[in-house]
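**Q** These are the residues of each chain, in order.
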Amino acid sequence: SQKIEQNSEALNIQEGKTATLTCNYTNYSPAYLQWYRQDPGRGPVFLLLIRENEKEKRKERLKVTFDTTLKQSLFHITASQPADSATYLCALDDTGGFKTIFGAGTRLFVKA
Amino acid sequence: DSGVTQTPKHLITATGQRVTLRCSPRSGDLSVYWYQQSLDQGLQFLIQYYNGEERAKGNILERFSAQQFPDLHSELNLSSLELGDSALYFCASSVEMGGAEAFFGQGTRLTVV
Chain A
1 SQKIEQNSEA
11 LNIQEGKTAT
21 LTCNYTNYSP
31 AYLQWYRQDP
41 GRGPVFLLLI
51 RENEKEKRKE
61 RLKVTFDTTL
71 KQSLFHITAS
81 QPADSATYLC
91 ALDDTGGFKT
101 IFGAGTRLFV
111 KA
Chain B
1001 DSGVTQTPKH
1011 LITATGQRVT
1021 LRCSPRSGDL
1031 SVYWYQQSLD
1041 QGLQFLIQYY
1051 NGEERAKGNI
1061 LERFSAQQFP
1071 DLHSELNLSS
1081 LELGDSALYF
1091 CASSVEMGGA
1101 EAFFGQGTRL
1111 TVV
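Chains A and B are the protein sequences, given in the same order.
Heads up: the first sequence runs through residues 1 to 112, numbered per the working numbering.
Heads up: the second sequence runs through residues 1001 to 1113, numbered per the working numbering.
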């Protein structure tokens, strides 16, 4: 069956450290993968998109990697801040890009 | 502000009733997506429209239907409501059919009592 798996347990880290979140998928062949941030009761906010022919993408303190062999994406937040505390969702395309399917998300808590 | 407008923000209704959720996409976006998010659940894809035509369907119940109008706004109709339909319903829009970032509205919180 098709699955997108993200760490269900919350990730707790100290301010200033690097947070690394994992997204694994099974039985998908996505052309691209996206990461979103969601705060409680609010809509997800787009962060980064990486295509299948890209290994890594960066935006300010954010870095995403995409390994189509391992079927895995890693999302890094460097120099993390308490304001980075949120749920982070990975999403990938299905059915030729018409459907964007989301993982359940990982909650990140950054302690001051 | 994402530019995607959803109304109403909150809706409380009784079981068996029918409701309509409305979404106005960002200016220029042709794709509209609907998602359901139950308490502590992930975003479940319901349906996608592109320029007025249905393009993809997820696990959308037969009691639910949607459409996208010529002015590109979209409506999600939920009928014969059950307690389990209580959830946040999000609309998102993007420029393309896929492979582009999606902009989400603030959601409609539906409570069925």
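If you're looking for bench data, these hints aren't it; they were derived computationally from the structure.
One thing to keep in mind: the hints can contain errors.
Stated by the list, open to error - Derived coverage of chain B by chain A (criterion: at least 3 residues anywhere in the stretch with Cβ under 8 Å from a Cβ of chain A; other residues may be distant):
#1 1007-1020
#2 1067-1075
#3 1101-1108
What the hints assert, rightly or not - If you want the ones that stay clear, here's a sample from chain B, every Cβ over 10 Å from chain A, calculated:
#4 SER1002
#5 ASP1029
#6 LEU1030
#7 GLN1041
#8 GLY1042
#9 LEU1043
#10 GLN1048
#11 SER1080
#12 GLU1082
#13 LEU1083
#14 GLY1084
#15 SER1086
#16 ALA1087
#17 THR1111
#18 VAL1113
Here a beta-carbon is modelled for each residue, glycine too, at the ideal position from N, C-alpha and C.
**Q** For the region 1007-1020 of chain B, do at least 3 residues have a Cβ located nearer than 8 Å to some Cβ of chain A?
**A** violated (count 0)
**Q** Using Cβ atoms and 10 Å as the threshold, tell me whether B/ASP1029 really stays out of contact range of chain A.
**A** The claim holds: B/ASP1029 sits with its nearest Cβ about 13 Å from chain A, beyond 10 Å.
**Q** Beyond 10 Å on every Cβ pair: is that true for B/ALA1087 relative to chain A?
**A** holds (12 Å)
**Q** Since B/GLN1048 was said not to touch the interface, does its Cβ keep a gap of more than 10 Å from each Cβ of chain A?
**A** Its Cβ does come within 10 Å of chain A, the nearest being 6 Å, so this is violated.
**Q** Please confirm whether B/LEU1030 is truly not at the interface, meaning its C-beta sits more than 10 Å away from all C-beta atoms of chain A.
**A** The claim stands: B/LEU1030 keeps its Cβ more than 10 Å from every Cβ of chain A (closest is about 13 Å).
**Q** Just want to verify: B/GLY1084 was marked as not at the interface with chain A; is every Cβ pair farther apart than 10 Å?
**A** Fine: 18 Å to the nearest Cβ keeps B/GLY1084 off the interface.
**Q** With d taken as the least Cβ-Cβ distance between B/SER1080 and chain A, does d exceed 10 Å?
**A** holds (25 Å)
**Q** Taking the minimum C-beta separation from B/THR1111 to chain A, is that value above 10 Å?
**A** The claim stands: B/THR1111 keeps its Cβ more than 10 Å from every Cβ of chain A (closest is about 13 Å).
**Q** Can we trust that B/LEU1083 is non-interface, i.e. its beta-carbon lies farther than 10 Å from all of chain A?
**A** holds (20 Å)
**Q** Confirm or reject: B/GLN1041 is not an interface residue toward chain A, with every Cβ-Cβ distance exceeding 10 Å.
**A** At about 7 Å from chain A, B/GLN1041 fails to clear the 10 Å cut-off, so the statement is violated.
**Q** Could you let me know if the closest chain A CB is still more than 10 Å away from the CB of B/LEU1043?
**A** violated (4 Å)
**Q** Given that the region 1101-1108 of chain B was listed as covered by chain A, double-check it with a C-beta distance under 8 Å for 3 or more residues.
**A** holds (count 7)
In this structure, the hints that do not hold are numbers 1, 2, 4, 7, 8, 9 and 10, in rising order.
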